[in-house]
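Got chain W sorted already, so can you dock chain B onto it with the hints?
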Amino acid sequence: MEEIKNIQKIPTFDVMKIRNDFPILGQKIYEKPLVYFDNGATTQKPQVVIDIINKLHSEYNSNVHRGIHFLSDQMTNMYEGARKKIQNYLNAQHDHEIIFTAGVTASINAVAYSFGEAFIKENDEIIVSEMEHHSNIVPWQIMAKRKGAKLRVIPINDNGELLLDEYKKLINSKTKIVAVMHVSNSLGTVNPVKEIVAIAHEKNVPVLIDGAQAIQHESIDVQDIDCDFYAFSGHKVYGPTGIGVLYGKERWLKEMPPYQSGGDMIDQVKFKQTTYADLPFKFEAGTPNYIGAIGLGVAFDYLESIGLENIRNYEKKLLDYGAKKLMEINGLKLYGTAKNKICIFSFLLNNIHSYDVGMALDRMGIAVRTGHHCTQPLWDYFKAEGSVRASLVFYNTTEEIDFLCETLKKLQKMFA
Amino acid sequence: MTIQEIQEEVIGEFKIFDNWIDRYNYLIKLGKNLPSIDLKDKIEDNLIKGCQVKTWFFSIFKDGKVFYNIDSESMIIKGIITLLIKILSGQKPEDIKNVDLYFIDKIGLREHFSPTRANSLFKMVSLIKESANSFFRN
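Chains as they are written, first to last, in my numbering: chain W, 1 to 416; chain B, 1001 to 1138.
Worth flagging that the hints you see were computed from the coordinates, not collected in a lab.
Treat the numbers as computed from the prediction; the structure is a model and nothing was measured.
Where is the CB? At the ideal position from N, CA and C, for every residue including glycine.
Treat the hints with care, as some may be off.
Label-pair restraints from in silico Cβ distances [claimed, not checked]:
1. W/Lys-150 x B/Asp-1041: 35 to 41 Å
2. W/Lys-409 x B/Asp-1041: 31 to 37 Å
3. B/Asn-1069 x W/Thr-241: 40 to 46 Å
4. B/Pro-1115 x W/Ile-24: 23 to 29 Å
5. B/Asn-1069 x W/Asp-320: 47 to 53 Å
6. B/Ser-1126 x W/Asn-204: 52 to 58 Å
7. W/Asp-51 x B/Asp-1095: 54 to 60 Å
8. B/Gly-1090 x W/Asp-51: 56 to 62 Å
9. W/Asp-320 x B/Asp-1095: 58 to 64 Å
10. W/Thr-287 x B/Gly-1090: 56 to 62 Å
11. B/Met-1001 x W/Pro-23: 48 to 54 Å
12. B/Ser-1126 x W/Ile-142: 26 to 32 Å
13. W/Thr-287 x B/Phe-1067: 53 to 59 Å
Simulated pairs of lysine to any residue, SDA-like, Cα-Cα distance not exceeding 25 Å [what the hints assert, rightly or not]:
14. B/Lys-1042 x W/Cys-374
15. W/Lys-84 x W/Lys-194
16. W/Lys-410 x B/Ile-1016
17. W/Lys-249 x W/Gly-262
18. B/Lys-1054 x W/Glu-385
19. W/Lys-339 x W/Cys-405
20. B/Lys-1032 x W/Met-364
21. B/Lys-1054 x B/Arg-1117
22. B/Lys-1106 x W/Gly-365
23. B/Lys-1029 x W/Asn-351
24. W/Lys-254 x W/His-65
25. W/Lys-28 x B/Asp-1105
26. W/Lys-254 x W/Ile-199
27. B/Lys-1054 x W/Tyr-381
28. W/Lys-413 x B/Leu-1109
29. B/Lys-1086 x B/Ile-1048
30. W/Lys-333 x W/Asp-158
31. W/Lys-150 x W/Glu-202
32. B/Lys-1097 x B/Phe-1058
33. B/Lys-1029 x W/Cys-405
34. W/Lys-249 x W/Asn-88
35. B/Lys-1054 x W/Asp-362
36. B/Lys-1032 x W/Gln-412
37. W/Lys-254 x W/Ala-102
38. W/Lys-32 x B/Arg-1110
39. B/Lys-1092 x B/Ser-1126
40. B/Lys-1065 x B/Leu-1034
Same shape as in the complex, but just chain W (with noise of 0.2 Å):
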């Protein structure tokens, strides 16, 4: 395909220039220019994506796997192509350990039911951490409730780091998974995910990492790592919505169970018994979302292009000057100040609910998130509601972070 060979390598980093690869971004919101700031929800995508998605269904459409035909073979091979280039993304030992799924969500939830019914028995034990985002709680508590298995939780500290050596006292004997975020959605805390995988192999526990809000802003090397599973969304990382990764280990896949069943994950179908197809398909049963993987190839080609280390210095930049400029407003409390994290800025201002700051910056045109984030218990544990969320990425700008300070400074004289 011309469209995904043509995407150069950049020299050297210029915003303005990437910005103009985001059509978006171009956008008025009530006649003020778009500030996009919600980039933890999802992240908006470049044109190379939109172009890409477009053609397949305009020229390519067909389904994978199963026709003789030359549309079908083709984008067949197109498909299995976005799964060698995701394996090789993540340095993942093997293509068929890389899992298409419709998301994180639907990621961790397969895990947990497919590793539940598996390996979890009654009085086992299940680790997370309080920071997790529902989606890493929920589907345990689930299948901790199914089996009878119990959920441990890892506590955090008031920057908002994990208590390692908590985690280290919450590891035994009945521990079956350690399940935990590589980046905090709410805080924008990276956790330290090889030293958390370390000490759960120490007892031979396996450990899946949420990697929804670290695939955007970390190189992923999931053999590096050590990790059993490695979950994330395309659409976070520029990539398409309702696709999404289930890295796991060849080892694991192999004994798990399938979580749904159908069309394309099986062997043979008979009344009396039913075989299942080798890895990776025996978890991609019904048509998968072809043109979405192909659709976040090209979003990992166009990452590449800009180049991992100039996207994490640039949003390093980011993080130091946002977070100097927010400290300087009296009155706005920042949460989440771990040593290593990511260009997330979450706050409240004075005494003034999250939802109306919120608000009232939607109508300067700059978009946040406001509320838990998902991440209720994490609230709690800082006895607030929730926080005004400010998720940068590489595609934003110093120029945009001053609009954000003046514009708080001013809500601040509205709300007195």
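Only chain B this time, still in chain W's reference frame:
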């Protein structure tokens, strides 16, 4: 005054505002002036569920009229609640149960009443109508 007359009065009050800042400033002022409900009434049963902003709601039927007690943690929402109370509290249930709150569009507050905003106002309007309907039938 009838519901319609009060709605017209509210629309008139908002006519002088030609931008969102002035409208919000006015709503915030109204919100601050609306007395909070008693702490004893801020209970789970009175909380409007599924909302980002904690908002409490209950109604009383007295002398053939419905009276609303509503409170919220958000000043903007509280400002809007002030308008709803002004228009509907003390009216007859038969007038409230099928009320057309056209003032919402006229003063540019429709976005706050969208079911996707999860801010309690959409649900509150349903609760207002439901409670009026139940008082009417009883």
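Here is how each hint holds up against the structure:
1. Hint check: W/Lys-150 to B/Asp-1041, Cβ distance near 37 Å, so the stated range 35 to 41 Å holds.
2. Range check, W/Lys-409 to B/Asp-1041: about 36 Å between beta-carbon atoms, so the 31 to 37 Å window is met.
3. Remark: the range hint 40 to 46 Å for B/Asn-1069 to W/Thr-241 is upheld by a beta-carbon distance near 42 Å.
4. At roughly 24 Å, the beta carbons of B/Pro-1115 and W/Ile-24 sit within the given window of 23 to 29 Å.
5. Range check, B/Asn-1069 to W/Asp-320: about 48 Å between beta-carbon atoms, so the 47 to 53 Å window is met.
6. Remark: the range hint 52 to 58 Å for B/Ser-1126 to W/Asn-204 is upheld by a beta-carbon distance near 54 Å.
7. Under the hint 54 to 60 Å, the C-beta atoms of W/Asp-51 and B/Asp-1095, about 56 Å apart, fit the expected range.
8. Look at B/Gly-1090 against W/Asp-51: about 60 Å separates their beta carbons, and that is inside 56 to 62 Å.
9. Here the CB-CB span from W/Asp-320 to B/Asp-1095 is close to 59 Å, well matched to the stated 58 to 64 Å.
10. Between W/Thr-287 and B/Gly-1090 the beta carbon distance is about 59 Å. The supplied range of 56 to 62 Å therefore holds.
11. Here the CB-CB span from B/Met-1001 to W/Pro-23 is close to 51 Å, well matched to the stated 48 to 54 Å.
12. Taken as a hint, the range 26 to 32 Å holds for the pair B/Ser-1126 and W/Ile-142, whose Cβ atoms sit roughly 30 Å apart.
13. Checked against the hint of 53 to 59 Å, the C-beta distance between W/Thr-287 and B/Phe-1067 comes to roughly 56 Å, which is consistent with it.
14. This hinted pair checks out: B/Lys-1042 and W/Cys-374 have alpha carbons roughly 24 Å apart, not beyond 25 Å.
15. With a CA separation close to 24 Å, the supplied pair W/Lys-84 and W/Lys-194 stays within the 25 Å bound.
16. Taking the CA atoms of W/Lys-410 and B/Ile-1016, the gap is near 22 Å; set against the 25 Å cutoff, the hint holds.
17. The straight-line distance between the Cα atoms of W/Lys-249 and W/Gly-262 is roughly 23 Å, inside the 25 Å bound, and the hint therefore holds.
18. In summary, the hint linking B/Lys-1054 to W/Glu-385 is supported, as the alpha carbons are separated by about 9 Å, within the 25 Å threshold.
19. With a C-alpha separation of about 23 Å, the suggested pairing of W/Lys-339 with W/Cys-405 holds against the 25 Å cut-off.
20. Straight-line distance between C-alpha atoms of B/Lys-1032 and W/Met-364 comes to about 23 Å, which keeps the hinted pair within the 25 Å bound.
21. With a C-alpha separation of about 13 Å, the suggested pair B/Lys-1054 and B/Arg-1117 falls inside the 25 Å cut-off, and the hint holds.
22. At most 25 Å may separate the alpha-carbon atoms for a hinted pair to count; B/Lys-1106 and W/Gly-365 meet this at roughly 22 Å.
23. For a cut-off of 25 Å, the pair hint linking B/Lys-1029 to W/Asn-351 stands: about 15 Å separates their Cα positions.
24. Taking the CA atoms of W/Lys-254 and W/His-65, the gap is near 21 Å; set against the 25 Å cutoff, the hint holds.
25. A C-alpha spacing of about 22 Å is found between W/Lys-28 and B/Asp-1105, which places the hinted pair at or below 25 Å, so the restraint holds.
26. With a CA separation close to 24 Å, the supplied pair W/Lys-254 and W/Ile-199 stays within the 25 Å bound.
27. Distance restraint check for B/Lys-1054 and W/Tyr-381: the Cα-Cα separation of roughly 18 Å lies within the 25 Å cut-off, and the hinted pair is therefore satisfied.
28. About 22 Å separates the Cα atoms of W/Lys-413 and B/Leu-1109, which keeps this hinted pair within 25 Å; it holds.
29. Between B/Lys-1086 and B/Ile-1048, the direct Cα distance comes to roughly 20 Å. Compliance with the 25 Å bound is thereby established for this hinted pair.
30. Only pairs whose Cα atoms come within 25 Å are accepted, and W/Lys-333 paired with W/Asp-158 is accepted, the gap being roughly 13 Å.
31. Restraint check for W/Lys-150 and W/Glu-202: satisfied, since their Cα atoms lie roughly 21 Å apart, inside the 25 Å limit.
32. Of the supplied pair hints, the one linking B/Lys-1097 and B/Phe-1058 holds, its CA atoms being roughly 15 Å apart against a limit of 25 Å.
33. Straight-line distance between C-alpha atoms of B/Lys-1029 and W/Cys-405 comes to about 23 Å, which keeps the hinted pair within the 25 Å bound.
34. Between W/Lys-249 and W/Asn-88, the direct Cα distance comes to roughly 15 Å. Compliance with the 25 Å bound is thereby established for this hinted pair.
35. For the proposed pair B/Lys-1054 and W/Asp-362, the alpha carbon gap of about 20 Å is at most 25 Å, so the pair holds.
36. Distance restraint check for B/Lys-1032 and W/Gln-412: the Cα-Cα separation of roughly 15 Å lies within the 25 Å cut-off, and the hinted pair is therefore satisfied.
37. For the given pair, W/Lys-254 sits about 21 Å from W/Ala-102 by alpha-carbon distance, which is consistent with the 25 Å threshold.
38. With a C-alpha separation of about 20 Å, the suggested pair W/Lys-32 and B/Arg-1110 falls inside the 25 Å cut-off, and the hint holds.
39. Restraint check for B/Lys-1092 and B/Ser-1126: the C-alpha separation of about 16 Å stays at or below 25 Å, so the hint holds.
40. Of the pairs offered as hints, the one joining B/Lys-1065 and B/Leu-1034 holds, with about 21 Å between alpha carbons and a cut-off of 25 Å not exceeded.
In the structure shown, no violation is registered for any of the earlier numbered hints.
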